[in-house]
Amino acid sequence: MSSPWTQDRVLALAPDSASASAGQGLASRSKWTALGQSDRAVWGLCQGSGKSPYQTRVDLGEPAFKCSCPSRKFPCKHGIGLMLMFAKDAKSFATSAEPGWVTDWLASRTDRAEKKAERAEKVASGEVVSDPEAAAKRAAQRLARVQDGIAECQVWLHDLIRRGLAEAQREDTKFWDRAAARMVDAQAPGLAFAIRRLHAATVSGEGWQVRAADQIGRLSMLLSAGARLDALTPALALDVRAALGFTQSKDEALAQPAVSDTWLVTGQIIEEEDRLRARRSWLIGVSSGRRALVMDYAAGPAPLDPSLVSGTKFEGDVCFYPGSLGLRAIVKSKSALTPIGVPTGSAPDSSIEAGLETFAKALAKQPWLHAWPMLLHAKLARTDREWHIRDEEGHSLPIARTYPAIWTFASIAAHKPVWLSAEWNGEFLIPLGVLGSEFNQLFQRWAA
Amino acid sequence: MTPPASNNPAHVPTRLRDLSAKILIGSDRSGSASAPEFAIQAALLATMARAGFSGPGVEATLPVCPPETLAVASAASMSTLGRLLIDGDPILIEEWLTLAQSRHLRVDYALLPALLDWGAGKSSRSQQVIAVAGTRGVWLASLNPTWASLRGVTSLPSDPASAWSTGAASDRLSLLATARLEQPALARELIKATAKEDSADERRRFLAQMSVNLSPDDEPFLEEALNDRSKLVREAASDLLLQLPSSAYVARMTARAREAIQFHESKKGLLRKKTAALAVALPKEWDASFDRDALEQKPPSGVGEKAWWLQQIVARTPPLALFGTATPQAILEAIADSDYSETLPAAIREAAARFGAIEWSIAVARHELDAPRKGKADNIPTVPAGLSIEHAAAVILELIADKRFNLQLSWAYAAGIPRPWPESMSQQVVTLLAAKKPTGAPQWYEVGTAAEDISRSIHPTSAASLETLLRSLFKDDPPPWVVKSIDRLALRTEMHKEFHS
Numbered sequence: 397m398s399s400p401w402t403q404d405r406v407l408a409l410a411p412d413s414a415s416a417s418a419g420q421g422l423a424s425r426s427k428w429t430a431l432g433q434s435d436r437a438v439w440g441l442c443q444g445s446g447k448s449p450y451q452t453r454v455d456l457g458e459p460a461f462k463c464s465c466p467s468r469k470f471p472c473k474h475g476i477g478l479m480l481m482f483a484k485d486a487k488s489f490a491t492s493a494e495p496g497w498v499t500d501w502l503a504s505r506t507d508r509a510e511k512k513a514e515r516a517e518k519v520a521s522g523e524v525v526s527d528p529e530a531a532a533k534r535a536a537q538r539l540a541r542v543q544d545g546i547a548e549c550q551v552w553l554h555d556l557i558r559r560g561l562a563e564a565q566r567e568d569t570k571f572w573d574r575a576a577a578r579m580v581d582a583q584a585p586g587l588a589f590a591i592r593r594l595h596a597a598t599v600s601g602e603g604w605q606v607r608a609a610d611q612i613g614r615l616s617m618l619l620s621a622g623a624r625l626d627a628l629t630p631a632l633a634l635d636v637r638a639a640l641g642f643t644q645s646k647d648e649a650l651a652q653p654a655v656s657d658t659w660l661v662t663g664q665i666i667e668e669e670d671r672l673r674a675r676r677s678w679l680i681g682v683s684s685g686r687r688a689l690v691m692d693y694a695a696g697p698a699p700l701d702p703s704l705v706s707g708t709k710f711e712g713d714v715c716f717y718p719g720s721l722g723l724r725a726i727v728k729s730k731s732a733l734t735p736i737g738v739p740t741g742s743a744p745d746s747s748i749e750a751g752l753e754t755f756a757k758a759l760a761k762q763p764w765l766h767a768w769p770m771l772l773h774a775k776l777a778r779t780d781r782e783w784h785i786r787d788e789e790g791h792s793l794p795i796a797r798t799y800p801a802i803w804t805f806a807s808i809a810a811h812k813p814v815w816l817s818a819e820w821n822g823e824f825l826i827p828l829g830v831l832g833s834e835f836n837q838l839f840q841r842w843a844a
Numbered sequence: 002m003t004p005p006a007s008n009n010p011a012h013v014p015t016r017l018r019d020l021s022a023k024i025l026i027g028s029d030r031s032g033s034a035s036a037p038e039f040a041i042q043a044a045l046l047a048t049m050a051r052a053g054f055s056g057p058g059v060e061a062t063l064p065v066c067p068p069e070t071l072a073v074a075s076a077a078s079m080s081t082l083g084r085l086l087i088d089g090d091p092i093l094i095e096e097w098l099t100l101a102q103s104r105h106l107r108v109d110y111a112l113l114p115a116l117l118d119w120g121a122g123k124s125s126r127s128q129q130v131i132a133v134a135g136t137r138g139v140w141l142a143s144l145n146p147t148w149a150s151l152r153g154v155t156s157l158p159s160d161p162a163s164a165w166s167t168g169a170a171s172d173r174l175s176l177l178a179t180a181r182l183e184q185p186a187l188a189r190e191l192i193k194a195t196a197k198e199d200s201a202d203e204r205r206r207f208l209a210q211m212s213v214n215l216s217p218d219d220e221p222f223l224e225e226a227l228n229d230r231s232k233l234v235r236e237a238a239s240d241l242l243l244q245l246p247s248s249a250y251v252a253r254m255t256a257r258a259r260e261a262i263q264f265h266e267s268k269k270g271l272l273r274k275k276t277a278a279l280a281v282a283l284p285k286e287w288d289a290s291f292d293r294d295a296l297e298q299k300p301p302s303g304v305g306e307k308a309w310w311l312q313q314i315v316a317r318t319p320p321l322a323l324f325g326t327a328t329p330q331a332i333l334e335a336i337a338d339s340d341y342s343e344t345l346p347a348a349i350r351e352a353a354a355r356f357g358a359i360e361w362s363i364a365v366a367r368h369e370l371d372a373p374r375k376g377k378a379d380n381i382p383t384v385p386a387g388l389s390i391e392h393a394a395a396v397i398l399e400l401i402a403d404k405r406f407n408l409q410l411s412w413a414y415a416a417g418i419p420r421p422w423p424e425s426m427s428q429q430v431v432t433l434l435a436a437k438k439p440t441g442a443p444q445w446y447e448v449g450t451a452a453e454d455i456s457r458s459i460h461p462t463s464a465a466s467l468e469t470l471l472r473s474l475f476k477d478d479p480p481p482w483v484v485k486s487i488d489r490l491a492l493r494t495e496m497h498k499e500f501h502s
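One line per chain: the protein sequences are A and B, in this order.
Here the first sequence stands for residues 397 to 844, numbered as in my numbering.
Here the second sequence stands for residues 2 to 502, numbered as in my numbering.
To be clear about the criterion: a stretch of chain B counts as covered by chain A if any three or more of its residues have a C-beta under 8 Å from a C-beta of chain A, and this derived list gives those stretches: (1) 14-27; (2) 39-52; (3) 66-80; (4) 105-114; (5) 487-497.
Once the Cα atoms are required to be at most 27 Å apart in a straight line, the calculated BS3-like pairs of lysine-lysine come out as: (6) LYS437(B) - LYS404(B); (7) LYS427(A) - LYS485(B); (8) LYS728(A) - LYS512(A); (9) LYS307(B) - LYS285(B); (10) LYS476(B) - LYS427(A); (11) LYS498(B) - LYS487(A); (12) LYS512(A) - LYS730(A); (13) LYS761(A) - LYS728(A); (14) LYS511(A) - LYS728(A); (15) LYS427(A) - LYS498(B); (16) LYS533(A) - LYS646(A); (17) LYS730(A) - LYS511(A); (18) LYS646(A) - LYS730(A); (19) LYS437(B) - LYS476(B); (20) LYS485(B) - LYS469(A).
One-sided excerpt, in silico: chain A residues whose CB lies under 8 Å from chain B: (21) ASP485; (22) LEU553; (23) ARG558; (24) ARG559.
Everything labelled a hint here was simulated from the structure, so no lab data went into it.
For clarity, every value in this text was computed on a predicted model and none was experimentally measured.
Backbone N, C-alpha and C define an ideal beta-carbon position, used for all residues, glycine too.
So here's chain B without its partners, still in its complex pose (with noise of 0.2 Å):
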């Protein structure tokens, strides 16, 4: 065995790198000394390495966290959140963080990177985790590139117009989004500052932004953006300018509509009953115009290229502004016996969803109820987003009311709602369907699946009372997927308790 060369521990690290490096090309051709010495000479100094680490000073710090202002949340709660993460939920996840945002408490430090994992896939979410991280969880996050989107509200920097012309494409929305909450006016200015050399995606983008705080200050921009060149900007431009019912825009598209639609209400015949008709004039031709307020002229297959602008328009006309007094059931009743049967009530249907014109949305989805389906029976109407609360409950109470009585239809509607519904609303869902049970006529099967759906949405306080409707259609032997709604319910009614606690 040859003795060490040196006792020198500080050598020690450095003639085990030597000596590996031989081991790597083998004793046979380094030459040097024999396998059984090479072994023992690793022996030796690997247990001198490791015996003489010293724990070398490296220079490495962390910032300091500063101290939390939130109260962390029970202990229980804290163990629900950690099997939601792991379920993954988001719509479960999502109510315990509102929960716990509205009550002033933030999450346990052990759960701060699951949580922070999960906040960081979604900019949706970033709001909401950042409520409830706490100092500590805003500070882990500032450590990971991971979660750079969770390190905290931003405001405006002092030099916005440098910051946005020189700023990454996610960095320039977020001071878009920041400038909208505090100066809406500069948002305009700062999208203007580089119309010309931003492409058409990215004109688009920034042009949504503009939907926070929209007043009518801003239709004189959204106008100006009507003239762009791409359909993309003048199709977010016109969504904008939509929710400003006073502009423009909305004018223009009520007046193409009076010019196509007439209608008249007459008595007829001997008993002199009350009958309506419809007169319908197509436009023409494709007009200039319409480009510019970006309808679509090549319609989808099926519907007829100028049927197909009459719709687009419709859908862009208050329903009031268009047919004035008439009743609706007398307006869709004239429809319903004319060649536009298929596309002017769902035309109607978005309209009244976008002007927040309750009775004709009530009435629209009353006539789907009558309306023979063509096709599939999954041939559902799509609902327009955007329903406010008290438009989408009140067309769903109605629809679950309704002797015709169609789930899937209701449900429909029920999909533009924020969860958890509302208290009332909850109350009257389950005591609507509570009394449909004996007269056996809807499909019971329907509610299993639409079960899925209600278990995630309706208020805790309802929760309870769905549970034991649910149990009890299925005469406590309910299917594996009824189980799991259930097993919800009962969750979140739990989730709750917990923090009341």
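Next comes chain A alone, as it looks inside the complex (with noise of 0.2 Å):
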């Protein structure tokens, strides 16, 4: 079995640069007794500057850290250089029984997500509510802040248009921030984020007077929109709240109907907002076809949930948020990843004209959509300046100008027709994974 350890996916879980260099000195077999793993964990003892050793443990499902030295990182450099060592050479690791500082642990655990588990399930029957009064008190406040943000946005928006983009893009950058900064006032996030995506078009380079002006009408539908929550039809109103950034709830996904299936993590992506990160998974259901968006969000130096891997699959129950579209989801359960193989045979959905329909039928129920996925098999391709993507049947799509990882994509792919895992945006191509290759693993440090 090829195991889908590789050291940039243990790089990736270092919360930093420090820990991620200590953790490649540590990643030498003389710096280790009793290695040893099992189906589900790896341990080792490492000489520290203390007396006794320290006991390293890994839970591989998640993954999961546990070191008994007194470093505060999370997870700490033994850790880390306890999964390096067995990315490079899992040989090494000893299969036995596992000792008593480990199973205890693994227990300690499991008790854990029975208790999580429960309680989601208590939220989800409607047993768990904590004094509703107050809640729809709490809820009726925001809404009405809100309303207040969309009216002043409005505002804003129409006197920008009246004097024209040519001189807000003389504006500097406080103009755009001090916007922003009133919507995050108004608790509406989703707006300031709107802003910033005008912002960032204003600046985009050739072209952007057209990219702004999308930007100025989406903004301004999700105006309209927010501005008459009452009179949508309920899942789309969910969809215009998302935007507008109220939080959906995760117990209320997780009492949706979960779709079972071999799930395709099939790439991810991560963008970086002040000191937040947020990173998209996208992952494609095998039998079902469903396409999904994980989002997860971190803030300074913490690491993102290890838990989901581009470029692995794996078997597992996924509930999807309520909304017009259901594409928005979480993992409720799953097995253990495995890589994905390159597939055999030809997949629905895979010509560059099947994925743009999907994409149109997409917008047509939500128009804010900003990026979609997209699994084609096609070849790259190159004018005299531009990348681009070209399937069997002449259709092509062109790459991002600013895409960073075009020169590995590129090694990776060669002229031959591939599995490409890619985010579309209506404007660019965002490659994000080859399948059967090592370049979604890539790709994500290219990004981070």
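Can you join these two chains into the complex? Each is in its own frame, and there are hints to help.
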């Protein structure tokens, strides 16, 4: 069995670059004793500066780390070092019975997980509701503030259109920051986000006028919809609320019927905003054909949830947040990850034409969709200055000019057709992975 | 709200562009609609444009990449290279590439861009990078102008003369390099063909290419180059002529040196002790032939003009031809008593390295151990480049073994030895260093600085024993700069293992 663990994947877990490089220093056979593995965990003893060696153990499922060293970093350098060793040379880990200090820890983890699941079930079945009246009052207050924010943003946007984009483009960053901050104050972070996108469009180089007009259109559409939430269908109202920045309830999503399938994690992309990192993970169900978007957030140096890895697959249950499109999702349960191989035969929707058609249909339901997953069987191609993806039918899509990993992608794909997973934004394609290669994880590193 | 003027999807992108032009100047000035109307039109048109994008086929292709002929290096060694390319220690990267090349392995596709970036910086790296990049790497380099220097080996064009006379400077240099490898005489013809038009700097750089496959056949051409009006060109020619010990140039220098230096051995006094005396007659005046032979007339500050001329002449004369069978020790002692105790040993050191006189190099090095060092402690003699491996190794081992041990001086000689050092030399170095330890005489803080160099250079089979030695020297509590060296040694041991498994 080939391990889904690679050096890059392990290093991506490190909380900072110091831990990553200290971990690399510890990824040597000579630093460890009593290395062992079972089907769910790996462990080892590492001699540190203390008297007795540190006990380092990793639950491979999540993965989760535990070490007896005093470091407050998580995972610590010993955990990183142990996993780097495991990724490089799993053979030096004897397959054996788990020692007590490993089984005890794993058992305590299972306990905790069960309690959490119980609580989630109670919430879903409506057993746990803390003071519904106060909650309703808070919700009403927030809605009122957001409505005020929408009205203010309308005025701001119309004023901007009256004066013209040329004038707005000459404004300094403060102008945009101030507008965005007002929307954060109004508890409508989605509008703040839309303003930042508009700002980004005004400085996006050649063709920026059209891109900015597009962002103005999206923002005004969101504002009109947000101003009359009551008149929308319940599903669309939920979409609009999410786009305005209302948090969608995880528990509510978990209460939806789950879709059981073999899920491919076809690609991940991380966007950074201030000190917050947002990661989109794209999933495709093998038999259901469903696409799912799983969002993860991390602030500052904290690592992102390591349990989903681009280029791997799992058997499991995925629940979708309620909404008109049913795209955003949460993983309810899953098996261990295994690498995705190269698909044999053909997959539906693997032509550019089919991909664009599904995108158009999704857009009809949710017009402010700004990223859509595609799984294409196509070749890389190039005109004088630009890279494209071209399929057998002769259709093509342009790759984003600022795409940072283009040469790595070209090196792996060469002139031959590949199974490419990518994100389409209506203008440019952003390749996220090549199935059956290590490109998915490489791209992760590029994006991070 | 204005209804869309046309529902023809083909018109959407144009209409969106028109609208964005109006929004650019603002609804106040464009006058055709109000701000809210513009906003709604933008929403409609932009959504329609996105939904209606049809992926028109553009005329785009890529050249076909030929299949690979080499196997890919192991995953473990690839991840090591990946780390090295990020850290950027060129010496360790070169070591990795040499290992891969000797085992006929190539670099994995994922790392090619980083490798090509590294290789494109310096022409000295291109040959090695191309060797391990595989056909995919060369193919990739052909697509990116930044990597143009890595597009693969060139062979001579069908009409080298016209390629030479019309080519850009860098192309001409690589054409010349190829010509020297395949047809050394052709390179001479090419250089001569355009010598009148080429600048002095170009003539010098072209001449330097002659060092490949240099032979006595080249002597007439080089002797002719000594007539060049540019001193830079004459220097380049003289450097090459010095590599031909049988050349007339070396004979002229020998004759000048013999005329200036006389050496007598005699037995003196009651005990009939053997002594030697040196008689030096400095060149009387600057000769036009000195100019032609690329000697430098103006001395560096602190050196007499005529002594400086002699120093250059001796440095260009084989010691054996000058001093005959006299022992190096006797000569050096005589020099130490003379007015030339500063300048002549340096000249002999240079000549010994140049003409491969190992016993003379060793004698001068031992002499340096004795010599009272003037001024600062880092007043280390510069060792001429181009020492052969055995030559430098012999000197280093002699110096380490000497009881007046001076690590810095020993290390000065290591600069010219290609890495990694030969296996036997590496073993001897570690053994000798270990033997030094109990005496306590050497300054062990020096080891820390030298360890930086040694840990990069030593043969991997000795890396582990050097690591042990360093640890024990610092009582298992090494300072950070030594830890770096220890880690480097461990990394190198690991790297070699990864290629063996």
